[in-house]
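Going line by line, the protein sequences match chains D, Z, V, U, E, B and F.
Residue numbers for the first sequence follow the working numbering, so the first one is 1 and each next one is one higher.
Residue numbers for the second sequence follow the working numbering, so the first one is 1 and each next one is one higher.
Residue numbers for the third sequence follow the working numbering, so the first one is 1 and each next one is one higher.
Residue numbers for the fourth sequence follow the working numbering, so the first one is 1 and each next one is one higher.
Residue numbers for the fifth sequence follow the working numbering, so the first one is 1 and each next one is one higher.
Residue numbers for the sixth sequence follow the working numbering, so the first one is 1 and each next one is one higher.
Residue numbers for the seventh sequence follow the working numbering, so the first one is 1 and each next one is one higher.
These are computed hints drawn from the structure, not numbers from a lab.
It is possible that some hints are incorrect.
[Said to hold, decoys possible] Below 20 Å or equal to it, Euclidean Cα-Cα: the simulated SDA-like pairs (lysine to any residue) are:
id, chain 1, residue 1, chain 2, residue 2
1, B, Lys334, U, Gly239
2, D, Lys195, D, Glu15
3, Z, Lys223, Z, Phe238
4, F, Lys96, V, Trp98
5, U, Lys7, B, Asn387
6, F, Lys160, B, Asn387
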Amino acid sequence: MNEALNIFTRGFVKENPVTKMLLGLCPVLAVTTTAINGLGMGLATTFVLLGSNVVIALASKAIPSTVRIPSFILVIATFVTIVDLLIQAFSPELNQSLGIFIPLIVVNCMILGRAEAFASRNGLWYSIIDAIGMGLGFTFALLLLSIFREVLGAGTIFNIPLVGEDASTILVFALPPGAFAGLGLIIAGLNSLEKKMGDKK
Amino acid sequence: MISEAFIPAVASLGSVALTLGLIIFYVSKKFHVEEDPMVTILNDTLPGVNCGACGYPSCGQFAEVLVETKDSSMTCPVGGTDLAEKLGDTLGITMAEPKPITAVVLCQGDNDTARETAEYLGIQDCWAATQTYVGPKQCRYSCVGLGSCIAFCDFGAMRLENGLIIIDKDRCTGCEACIPACPTGVIVMQEKKAERYVIACNSHDKGAATKKACDAGCIACQKCVKVCDDDAIVIENFLAKIIQEKCTSCGKCIEVCPTKVNCILLEEDLKEAKQKKAS
Amino acid sequence: MYAKVLKTYRDKAEIEIICTDASKESEHCGACTMGQKPSSKPRAVLAHNRVKAKTGDMVEFEEKEHAEIKAALVLLIGPLVLFMLSLGIAGSMQFELWQSFFFSLLVLAVTYTILRYFLKDTTYYHITGIK
Amino acid sequence: MESVNLKVSNAPFVRSKDSIESVMYNVALALAPATVMSVYLFGMRALVLTVVCILSCIAFEWLMDKARNKPNSCLDGSALVTGLLLALNVPANLPLWMVVTGSFIAIVATKHVFGGLGYNVFNPALVARVFLLISFPAAMTSWPMPAPFSFDMMVDMETGASPLGILKTDGVQAALASLSLMDGFYGTMTGSLGETSALALLAGAVWLWYKKYITMYIPLTIMGSVFLFTGLFHLIDPGTYASPAFHMVTGGLILGAFFMATDMVTSPLSIRGQLLFGLGCGLLTAVIRLWGGYPEGISFAILIMNSFVPLIDRWDLNDRKAENKKKPEKP
Amino acid sequence: MRPITILTIVGILSASLLAVVEDLTREPIAIAKEQMKRKAIEQIFPFPFDSLRTVTTEQTTFYEAYNQDNAIEGIAVETSTEEGYSGLIEILLGVSPDQKILGYKVLFHRETPGLGDKIDKPKFKEQFKGRTLENTNWKVKKDGGDIDELTAATISSKAVANAVVKGLEFIKEQYPKSSAE
Amino acid sequence: MKTFKTGGIHPPESKFTENTPVELMPVPKELAISLNQHLGKPAKPVVKAGSEVKKGELIGEADGFISANVHASTSGKVKSVKPHPHPGGHYAMTVFITPDGQDEWAEGLNTDPVDWHGFSKEDIIGKIKNAGIVGMGGAGFPTNVKLAPPPDKKIDTIILNGAECEPFLTADHRLMLESPEEIVEGLNIITSLFGGEARAYIGIESNKKDAIETLTSHASSKGIEVVSLKTKYPQGAEKQLINAITGRTIEPGELPFDKGCLVQNIATAVAVYEAVCKNKPLVDRVVTVSGLEIGKPKNIRALVGTSFRDISLFCGNLKESTNQIISGGPMMGKAVYTLDVPIIKTTSGMLFINNVGIEKARERTCIRCGKCVDVCPQGLAPWLLANVAQLREFDEIQLLGLANCTECGSCTYVCPSKRELVHWIKYAKALVNNRQKRKSA
Amino acid sequence: MNELSGLLLVIVSAIFVNNVVFARFLGICPYLGVSRKLDTALGMGFAVTFVMTIATAIGYVLHYGILVPFKIEFMQTIMFILVIASLVQLVEIVLKKVSKSLYNSLGIFLPLITTNCAILGVALIAIQEDYSFVTSVVFAFFSAMGFILAILLFAGIREKLEEADVPKPFKNVPIGFISAAILSLAFMGFSGLVK
Ligand SMILES: Cc1cc2nc3c(=O)[nH]c(=O)nc-3n(C[C@H](O)[C@H](O)[C@H](O)COP(=O)(O)O)c2cc1C
Ligand SMILES: Cc1cc2nc3c(=O)[nH]c(=O)nc-3n(C[C@H](O)[C@H](O)[C@H](O)COP(=O)(O)O)c2cc1C
Ligand SMILES: Cc1cc2nc3c(=O)[nH]c(=O)nc-3n(C[C@H](O)[C@H](O)[C@H](O)COP(=O)(O)O)c2cc1C
Ligand SMILES: Cc1cc2nc3c(=O)[nH]c(=O)nc-3n(C[C@H](O)[C@H](O)[C@H](O)CO)c2cc1C
Ligand code: SF4
Ligand code: SF4
Ligand code: SF4
Ligand code: SF4
Ligand code: FES
């Protein structure tokens with residue numbers, strides 16, 4: 001159980017796919033204009049990760065190494081398309097704002113990476129935990145960045161206004177430069193935080 | 001329930017996948033690269049710092065040669081005994097125990113013991129200082145004390161204290177990266193030993209000159225040579241040297257050394273040794 | 001920059017580049033400009049062998065400047081430009097989409113077939129000494 | 001042993017009197033006419049804004065030195081110049097909190113994060129200006145009308161678009177009607193603090209040039225290329241494109257070309273590099289002015305060219321190396 | 001040969017799965033799209049309506065909203081202009097059967113955030129309610145008209161006004177009678 | 001007025017002693033004669049503690065092709081031969097002589113001048129070699145070697161270097177005023193070695209008007225051209241001087257003789273004259289003692305081996321506030337760390353200064369102002385060299401022309417960030433050398 | 001003429017205004033990962049150019065040749081990614097055959113491309129924007145040029161930053177993002193250039 005906990009938690013900070021492993025950065029930067037988008041993207045990715053991890057954990061024995069990567073990509077793409085269709089059906093607004101980045105989950109290197117590095121070598125149970133842990137870690141990073149950007153850039157949080165309509169918010173944070181700067185700051189912050197914690201130990 | 005998209009979807013994707021499979025199958029047959037899995041395994045076991053202490057330019061190279069020759073005398077000083085065991089297990093041979101070596105600074109001329117020359121204000125680097133003049137310490141064989149070597153140590157085993165380099169023997173892996181970094185050559189490599197006596201001085205000046213320059217300098221007075229029953233001390237070029245293979249750690253030399261700050265050192269952490277001496 | 005000789009030809013040799021870097025400051029291998037991590041896969045390249053190194057020798061080698069860029073230009077950008085040109089030509093000849101597409105694929109294939117003869121033993125590396 | 005306490009350092013033992021301080025304070029001095037002019041045109045508010053901007057820059061510099069454990073550099077003049085230039089780059093009625101935010105961006109996010117003086121890749125004052133422009137477009141594009149000798153604080157004064165803004169939105173005729181070239185030259189037009197008076201700026205620039213703190217390669221290529229490029233299109237279609245003279249005196253072109261593109265930290269060192277840099281700045285400025293969404297392009301142009309500086313440096317470096325390789329040393 | 005078979009099988013399985021899911025979601029997606037439209041129209045109409053009829057003409061698309069009695073309660077028309085500060089602005093304009101504006105919603109724009117994008121803010125939109133082609137001088141105040149322009153975004157304001165006029169004129173063409181009433 | 005093409009600076013001249021005639025310094029109580037007074041291998045000692053020597057007697061014998069003889073600079077007894085601080089900063093084998101006060105020349109030395117015209121080339125070069133003459137302009141290259149270039153190199157231009165471009169220094173200036181005949185004769189001897197066609201020049205900076213006049217009046221009749229040079233540092237550096245006078249450029253890796261040129265210092269010319277005509281070995285030289293911290297700045301003629309301490313006492317002692325003593329000029333000299341160091345054949349000056357505000361780490365970061373590039377006479381990019389040296393990328397730095405730097409110090413002089421540019425360059429050179437040594441070992 | 005000026009707009013837009021990296025956020029992983037050295041960046045850029053252009057062309061043909069006629073547009077993602085993956089593999093085989101030595105010189109670039117989302121992204125955008133075949137190809141090629149521009153500028157800055165005294169927590173990645181932020185700030189100057 002301890003092992004499971006460990007697998008589950010490491011995706012948050014220690015091996016966070018975004019801030020530590022720098023994987024799947026494009027959606028992170030692109031869709032984090034509002035917290036809702038961030039959350040949506042994170043959960044969609046988690047779903048794909050979970051699905052593909054499960055399938056791959058179950059089927060990896062049957063897949064010969066030569067066609068491993070193409071098969072994995074097929075599996076991942078299937079789940080991505082499913083998510084895409086589901087979002088289109090049940091949350092058209094989200095679909096509109098996430099746009100092209102839903103299909104791009106396919107190339108989120110994190111997913112292929114987890115499939116290769118974890119799911120194909122570990123059992124179903126651990127793969128599920130890993131998927132959820134990593135997915136939530138991804139979502140966590142997205143949420144952090146998107147809240148940062150939404151609060152500073154639009155003056156709202158989850159679309160709830162924090163300041164009056166006429167107040168000047170720092171618009172750059174809603175624009176591309178703000179995405180880069182925000183992520184840079186978050187990583188730098190986590191770096192020094194981690195160092196401080198390490199020093200304390 | 002078969003939807004209208006079902007057949008084209010399955011057919012097109014299936015055929016693309018089939019083509020792809022064919023290509024990959026063909027390729028993997030055609031371009032298969034034979035690689036000894038053992039090398040990869042060993043490579044993963046090795047420390048991977050590519051420090052060169054083993055005599056090969058990289059850990060991977062070491063692994064390759066080891067797999068090829070199964071030469072049990074090859075050692076990785078960084079990994080130490082543990083690693084040797086592991087490597088041996090993997091290869092099914094008994095590896096030679098690497099004799100762990102450590103860097104030793106042959107100088108005790110810190111800011112208290114060594115007398116200074118003019119203050120040095122140039123680039124704070126041992127090479128730059130010695131290239132400008134004899135250096136901040138009168139003794140030109142000394143540890144210059146600007147710490148150029150520290151950056152070369154991958155393992156954080158060196159630190160500067162009171163104008164002298166101190167080597168953390170626990171961290172030092174004997175990779176020898178610091179040796180070429182030092183302009184005065186006061187760092188040498190010696191086998192790691194629990195108890196070891198060294199003449200911690202590098203000065204080849206005559207006794208009088210040495211004494212003038214430093215309280216901890218070896219003045220080549222021959223006392224230790226005479227008292228040593230094992231002929232383990234020789235004097236070369238006005239400097240005593242303990243031959244480690246012969247030294248039995250009897251400690252007699254340390255009793256007779258007349259220098260103000262004993263230039264013979266019971267080799268542990270220098271600081272501890274000093275404290276011991278003080279008490 | 002060090003390498004191991006895998007195979008020798010008349011005036012060339014196939015060498016495997018060894019990644020070295022003992023300095024902790026840099027994360028990448030000092031043996032090539034690729035910024036590879038020292039642990040990544042070895043690369044074997046063809047090199048001029050003036051010093052007559054033999055198989056198994058450890059050699060020092062030099063890389064002609066911008067080897068990767070030159071290789072990429074010859075191998076990728078040249079053919080790609082031809083591909084696009086042929087698309088343009090096909091387009092101006094009022095080909096159909098399918099036709100012009102396959103026409104340019106054909107051009108690409110032909111380009112590579114021709115290149116194969118020219119590039120067989122082009123190399124941007126020189127062995128400079130035996131270690 | 002010695003009666004004197006000798007110190008050993010390396011030759012040369014004499015050094016010129018130039019220092020970072022002298023360079024920076026001279027730049028500040030060169031900007032003084034433009035600053036005085038801005039106070040004359042926009043009154044007390046301009047003065048308050050300038051002082052706040054400079055002080056906040058120096059304060060951030062001090063804070064960063066403290067935070068990074070570096071020797072104190074807040075009085076070396078570079079923060080002063082950055083602050084002054086930032087102040088000259090914003091409208092006189094910009095809310096003070098925005099000014100301080102700009103200082104933060106300049107000193108902390110553009111200078112110290114990259115390592116401090118000498119290491120920054122981008123021009124701090126310009127990054128701050130563009131940051132403000134994009135974050136607070138309304139505040140950054142409504143300029144107070146110049147009101148010479150009005151020493152009030154312009155709480156709610158009349159604002160207007162700058163000549164370039166009018167050019168962009170209302171076309172050439174309106175823009176030309178809004179000012180005479182002489183207005184532009186003396187500076188009695190709307191604009192940021194230091195953008196208005198070509199005369200005051202040029203006086204300062206000539207001083208800097210005379211003192212050899214700047215060379216004229218960059219400014220002249222910028223001015224020249226903007227002149228030629230806008231001139232070309234003016235000839236083609238004078239109805240759509242304003243005359244090159246109009247482009248010369250309006251907006252931040254002179255301030256940018258002579259004081260900001262010349263920042264040596266963020267511009268190339270070699271002469272050909274400087275020419276290339278200037279040409280790039282000029283063309284980009286003209287393109288943005290003629291067809292872009294923003295009325296003024298010089299800030300963006302300089303920032304974009306800043307990012308090319310490492311490549312230009314690299315070009316010089318490679319050439320140096322190639323040259324030295326060609327003539328191998330004889331043993 | 002196994003790899004090929006496996007890959008093909010994976011491909012076929014994926015495709016089948018997808019086809020099934022697609023089949024299942026086709027309807028919901030269509031409904032969702034409809035729903036989106038309806039929601040948008042609901043936002044501009046201040047009243048609930050019962051059914052919607054979509055009319056596509058050569059120039060544009062418009063929607064008629066009916067109440068339970070099958071009487072037209074409102075018309076929503078897609079209209080656009082290229083004259084925004086950054087080009088295209090698309091709006092969905094809602095008018096009552098007597099061709100008074102009920103409201104509008106911006107469907108697409110690229111105006112500067114913080115300036116031109118205020119055309120989608122209630123404060124600006126509010127003033128259009130109740131205006132008709134006739135009762136308003138469709139110029140901005142600056143040019144002597146009735147429309148309050150946004151500070152520092154006159155161009156966007158003008159563009160919106162123009163788009164609205166275009167929409168109103170289109171409706172007038174479509175429903176000449178009702179306007180005559 | 002001629003000058004070199006690229007770069008150069010003009011530091012304050014501070015030539016306090018230009019009107020002070022050369023004063024002869026008496027024999028001190030002890031002499032420490034270094035056996036390493038030249039470029040190349042140190043001389044081999046040929047005396048032992050206790051030997052009696054006469055003035056001018058050989059005490060160190062040239063050891064190898066590039067090396068030079070060393071002679072006793074006074075008569076007395078050898079006290080010891082041991083390592084001793086050297087003005088170069090390090091220890092060198094040094095012969096200590098306790099003078100007997102007689103200052104008595106050995107047999108056959110320092111005779112009355114004879115006419116040299118009958119001497120053969122070999123004779124002349126042999127005499128120069130025996131007299132232990134080395135370049136007195138700073139580098140100390142054995143003159144006999146320089147005067148016998150490989151036969152395939154044709155020398156057509158001989159230049160006497162009277163630029164004395166370093167601030168403070170006036171030794172050459174005084175020499176030009178006080179010994180013009182010897183200089184001209186020396187130059188004639190050198191020129192004669194290269195046959196009739198070689199043109200002879202004397203290059204003098206324009207701030208020494210009197211010297212230009214004096215030498216013009218002595219030299220013009222002998223077919224020697226005195227060239228007035230713009231006062232600009234480093235006008236006296238060999239490559240720059242050649243460029244100024246002939247317009248030729250010594251390319252990286254070339255030596256002056258590759259371009260048909262030969263440059264000698266003024267004092268070297270005098271020494272050559274004395275060696276050839278008077279059989280006088282090089283045992284003394286003119287030294288400028290200057291700086292704000294010395295009691296009486298002077299030009300003195302001192303024996304080789306006189307310690308800095310003795311000289312400072314002779315010149316009115318140094319002040320308490322002295323914190324740097326420099327051997328040589330302020331641009332190229334070296335700070336000495338003890339007053340025990342002796343002067344050697346190449347010591348042209350000795351400065352006592354209070355370098356205010358020198359402290360550790362006054363270096364700041366490069367602000368890329370480009371001044372160093374503008375002033376570098378060798379057309380280098382000093383800032384880049386220093387940066388690369390700081391990064392310790394020694395392969396890279398060699399490609400940037402490290403070897404071409406003459407270490408003139410102009411770049412460091414102008415740098416507003418007070419970077420130790422030359423020092424970084426010297427540092428890189430030292431490490432590059434060390435690496436090459438280790439590689440070949 | 002009109003067509004040409006249309007293409008010109010597409011080109012300017014692809015390189016400057018809607019730069020893949022700075023405005024569209026595509027290909028960020030290689031932008032950060034392979035920009036440590038200039039040469040590497042350029043080599044990677046070329047490889048991306050090749051694959052991006054050809055993948056977009058094939059994608060176009062696939063989309064309008066198979067997906068649209070059979071009404072299986074929902075298979076777009078899976079088809080495209082399969083095509084890209086196999087294209088990369090195919091290119092690898094071909095290049096290896098053509099010149100093994102040169103292929104090895106750029107060995108590590110190609111496999112990395114499969115997971116570069118810019119490739120798939122650009123192929124999808126070309127479809128989304130309803131570009132014609134030629135426009136799609138031109139768009140893809142110049143998007144790649146935009147990528148090269150971005151990655152080159154960034155590599156230059158990063159090489160310079162190796163000498164710089166960047167505060168510890170900002171070393172490497174964070175300062176890379178800050179530079180990218182300022183770069184994209186500067187590139188916003190191009191906004192409005194193409195309406
Ligand atoms: C960065 C920038 C962005 C702008 N964006 C817009 C915009 O989105 N909409 C607009 O109408 N004008 C925009 N403008 C134009 C100016 O604000 C212009 O002065 C204004 O539209 C006309 O002035 P007025 O509204 O104050 O009368 C922009 C100007 C700048 C400098
Ligand atoms: C290793 C070495 C060899 C030299 N060989 C010769 C030579 O053969 N002939 C010559 O005229 N000068 C030779 N030079 C002398 C230099 O050209 C130069 O004159 C000398 O170093 C003094 O230069 P300076 O006082 O300008 O620094 C040599 C110098 C060095 C360092
Ligand atoms: C920067 C620099 C400045 C020099 N200045 C002088 C000078 O002022 N006078 C001089 O005689 N030699 C000067 N030298 C030495 C000359 O380059 C050259 O070595 C010398 O004139 C050769 O003559 P020598 O062999 O007789 O010493 C300088 C060298 C350098 C590198
Ligand atoms: C000629 C000159 C121009 C300068 N221009 C600027 C400028 O445009 N923006 C700025 O922040 N600093 C400027 N500085 C100051 C300084 O170089 C700047 O703070 C550094 O970029 C910070 O590292 C300038 C300095 C000089 C000497
Ligand atoms: S051991 Fe050597 S390198 Fe290290 S500080 Fe001492 S002198 Fe310097
Ligand atoms: S005498 Fe020995 S201990 Fe003292 S400083 Fe010299 S080397 Fe060090
Ligand atoms: S010291 Fe070297 S680099 Fe500096 S100016 Fe002189 S020659 Fe140039
Ligand atoms: S003079 Fe100094 S600050 Fe200026 S470029 Fe050279 S090294 Fe840098
Ligand atoms: S997510 Fe876009 S390249 Fe990795």
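Hints violated by the structure (numbers, ascending): 1, 4, 5
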